[in-house]
Each structure stands twice: as structure tokens, then as C-alpha cells.
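**Student:** Each chain, written out:
There are 2 protein chains.
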Amino acid sequence: MASVLARGLPGLPEVSAGDDLAALIVGALGGAELSGGHLVAIAHKVVSKAEDAVVQLATVTPSRRACELAAENGKDPRVVQVVLDQSQQLLRAERGVLICRTLHGFVCANAGVDASNAPSPDTLVLLPADPDASARRIRARLRELTGQAPAVLISDSFGRAWRQGQLDVAIGLAGMQPLDDWRGRADAAGLELRATWLAAADAAAASAELARAKDSREPVVLIDGLQRYLTAADGPGAAALLRAPDEDLFL
Amino acid sequence: MASVLARGLPGLPEVSAGDDLAALIVGALGGAELSGGHLVAIAHKVVSKAEDAVVQLATVTPSRRACELAAENGKDPRVVQVVLDQSQQLLRAERGVLICRTLHGFVCANAGVDASNAPSPDTLVLLPADPDASARRIRARLRELTGQAPAVLISDSFGRAWRQGQLDVAIGLAGMQPLDDWRGRADAAGLELRATWLAAADAAAASAELARAKDSREPVVLIDGLQRYLTAADGPGAAALLRAPDEDLFL
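These protein sequence lines map, in sequence, to chains A and B.
For the first sequence, our numbering gives the first residue as 1, with consecutive numbering after it.
For the second sequence, our numbering gives the first residue as 1, with consecutive numbering after it.
In short, the hints are calculated from the structure, not lab data.
Hints are not guaranteed to be accurate.
No copy labels: a pair is met if it fits in one copy or bridges any two.
[Said to hold, decoys possible] Below, a list of computed lysine to any residue pairs in the SDA-like style, where the Cα atoms sit at most 25 Å apart: (1) Lys75 / Trp197; (2) Lys75 / Asp181; (3) Lys75 / Leu91; (4) Lys75 / Ala244; (5) Lys75 / Ala240; (6) Lys75 / Ala149; (7) Lys75 / Pro10; (8) Lys75 / Asp246; (9) Lys75 / Ser116; (10) Lys75 / Leu249; (11) Lys75 / Ala2; (12) Lys75 / Glu14; (13) Lys75 / Asp248; (14) Lys75 / Leu5; (15) Lys75 / Ala32; (16) Lys75 / Gln164; (17) Lys75 / Glu247; (18) Lys75 / Val26; (19) Lys75 / Gly225; (20) Lys75 / Gly159.
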């Protein structure tokens, strides 16, 4: 019987700029085993804070466009400026919602810029500049500290088109196959499974979210049972989950 | 420590029209306990088969529109006709992909009509006509058979805008809160969590998918650890996960 177990990791301290996140995770584990068969799923906020991917609102001078968008959407012009700075494309600006394609290529509200769980009320937390590189770095450091190289996934909560609510998705990944391609493989009856191409890393991010409560200070979740998706190499990362703009029907 | 465990249920026999799916699940459990704290996640195909939500291609006469769309997209006109019959709106028809809003309101490829895992090569499997009602019915029958009323979730694999790969989402639900609304609640630092509204049922569907292999004949997955989302009442179902068309920025 296949089984997957996701466990929130308690005891991680508040994370600040410059912190060694991998060391904090190992510390929070106490003596508990970390194995190469684990996936370590990390909510991106603590990665962003450790990397100092934050902006002080007081340092931001909004452009005319940011002021206009802010007025139309009931937002702080400085926040809008930071969102625009983090975007390569603004897809929608309606009803107070800015849907952006980020510098990395992710499509999400406010380019992932967030005031909740920020170090202070005048601070915005950005997405990590290169979340796949962050995942590889944390994985390498975990290997250094423990001798084990679990997969590392960095997630954020994104809204979706057509469906209510948010779902955690993978924005950074190392040591896990992001997609499990069943296209062209036969199903149990020998028929071709034409459209089956599982976003395994996004499913893992969603699983992790269920094992943490938003107010629990448990940004790290350990998942066991995903060995069939794990790889010794860091692999293509979460960037492989981005559909190319010219292949997307909703850009 | 919060933890969530998803286990594929082996031993479910091939499901046919008229089968009592709840009884088959109880049978596959053997003596194993089913509790009111479980979520029973079921891939919709076995629900559709039990409900005979299938179409024989030989019985379909394609309309002129179906023939035109089929020619433009390299598809069988009879399959396109069935897809149109299951749709209230065709959002995109490009590069062989038909993105539809189904009669239920779900936005997905081919209106959820699928030839893989069908009873025979000339048969298409549809989504259940009313997946929330199916979930409620299966839950009631499980309660009848075991005295326990676990939550029941029915899932399908949907593609997403902007991201590669598919993810299982909830299309039917009973006994679980589909959304966990944190909007306006405070985060751990006392700041407002403005945009946090977790699609808990979709996260559970994605978790279940990781505990099954597509070719494993394990359409049923038991999830433990979601008690905080489970409810005695059947609740609003997966219909609550649909964003109203006039509130959607991508319809």
C-alpha cells in the first residue's frame, strides 16, 4: 500500500536576514532523523526573510503608473510600485486585484509580494530572487550538516483562475522530479493515458499545506513516501512547471 | 505536531454500472477500521462507472459544429459532440485542446470527458452528473454499512492555466469544509492575513493523488489527519469551490 505522510516541524525559531535556514531546520529536528527519502517543504516566507528579500516601504518612491493603479484599485502606491518592480507583465488590474507574471514567470496576485508575516508592518516580503537556486543551496547545506540530501521544495500560496481559495504550489525545487509524465503510457487496461501529466511537486506543496496551520509558525513540513519522485541530482527545479507564454491559452 | 497520512486502498475490484461503491470500499478495507475522522478520496472514474455515466461512441451523431471543431483540432467528431453536450461554454479551442466550462461549472479540458480507463475503447467516461450528490450518497451508504461517517471527496485531474501538469481537484464533497477562510484573521505576529483562503478540499485531492499510482487500480485513498476540516453535516460541497463567472478575471 502506497502511503504519504506529511508532518509539520515544530520549534523553528523566528527567521531573520542572514540566518542559516538549513541549520535552523536541523536544530528544530532535534535528534530526529532526516533521510534522503524525505522531502523538506518550506513556506517561502522564511526563505525570503533569511535571504533578506524584503523591502522597506519608506524607501519606495512610486511612479506615476503605480499611483494611477493604486488609486484605481484602492492600494498603497508604494506597494503597487514594489509589485510592478517584481513583475514582467501585469495581466489584470481589477477590483483591487493585481494579477502579475513575476520576474521568474509565475502568474499570481501581487507578484507574490506580501505584507502578512512580514518582519514589521512597514515591510513587504518578496519571493526569493531565484527560488530554485535557494532550494539547491538549502539542500546542499542540509547534506553538509547531516550527510543526507533530502529533496527541498519552496512553496507559496497562489490563487487560481476559475476556482475559489488558494493552493500552495512549488516555486523552488531541488532533488525532486517536478512533473511525472504519463502521457503515452498505458493505463491499467492497456489504453493510452493521453492527458495524464501529474504536477507532482505542486501536489506535494498542497499536501504540505494541510500539515501546517497558517498561524502555527510551522513553515517547514517533512514529507515521507514520495521516494519515487526523488532524484539524486537537483534536477530542473520548479521552473519546469511554468508553461511557456506562447503555449498558454490564458495569457 | 500536525500530521497528515494518505494511504492508497488496494484490492478494490473493477467497478461496473450499478455497483455499490461504498460496499466495495468496505469490502476492500477488509477488517480495517474506517472512522469518522477519515477522508475517503475517490477518483471520479469509478463513481462515473458505478453511476453508468458513460457514452457509447456508436450512439453519438455529431452536429455540424462538432464536425467543424473536430476538423480544426484533429479530434473525433463524436467525441467533440459529447464534450459539447457536457459543456455550458467553450472557452478555448486551440491546438487540439478544448477548454470548457462544464454543466456543473468546472473549467477543464474536454469537459472532463475521458477515454482512458474507460470500460472499452469505444466508450467515453463522463463526470458524474452531480458529484456533490454522489459524495453525499456514498457517505450515507458508508454510514449505513459501518456506523461511521467519514468525509467523502470525489476528484478529477485538471490542467491549470499558466502551469504545466495536472493536479487533482475536488469535484464532489460531503462532510468536509471545502475552504478554510483565514481572511481577516491575524497571523502569528498579529498582522492581518489578508489573502489567505485555503482551498482545503483541493489540497486534500492533490494529497490523495500522491498516494496512488495512475496504473495501480487504487482509485480510493484514505486520508487521516484532516479532522479540523471535517464536519458532521455534509456541507456546501465542492460547488463552493467554483468562482462565480462574473467574479472571475479569466472567463
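**Student:** Each of the hints needs a verdict: does it hold here or not?
**Tutor:** So, going through the hints one by one against the coordinates:
no., hint, in the structure
1, Lys75 / Trp197, "between (39 Å within a copy, 20 Å between copies)"
2, Lys75 / Asp181, "between (42 Å within a copy, 22 Å between copies)"
3, Lys75 / Leu91, "within (17 Å within a copy, 31 Å between copies)"
4, Lys75 / Ala244, "between (30 Å within a copy, 24 Å between copies)"
5, Lys75 / Ala240, "neither (33 Å within a copy, 28 Å between copies)"
6, Lys75 / Ala149, "neither (43 Å within a copy, 46 Å between copies)"
7, Lys75 / Pro10, "neither (35 Å within a copy, 52 Å between copies)"
8, Lys75 / Asp246, "between (31 Å within a copy, 22 Å between copies)"
9, Lys75 / Ser116, "within (15 Å within a copy, 48 Å between copies)"
10, Lys75 / Leu249, "between (29 Å within a copy, 18 Å between copies)"
11, Lys75 / Ala2, "neither (47 Å within a copy, 36 Å between copies)"
12, Lys75 / Glu14, "neither (29 Å within a copy, 55 Å between copies)"
13, Lys75 / Asp248, "between (29 Å within a copy, 20 Å between copies)"
14, Lys75 / Leu5, "neither (41 Å within a copy, 41 Å between copies)"
15, Lys75 / Ala32, "neither (45 Å within a copy, 54 Å between copies)"
16, Lys75 / Gln164, "within (22 Å within a copy, 32 Å between copies)"
17, Lys75 / Glu247, "between (32 Å within a copy, 19 Å between copies)"
18, Lys75 / Val26, "neither (40 Å within a copy, 53 Å between copies)"
19, Lys75 / Gly225, "neither (43 Å within a copy, 38 Å between copies)"
20, Lys75 / Gly159, "within (19 Å within a copy, 32 Å between copies)"
Checked against the numbered hints listed earlier, the structure breaks hints 5, 6, 7, 11, 12, 14, 15, 18 and 19; every other hint is satisfied.
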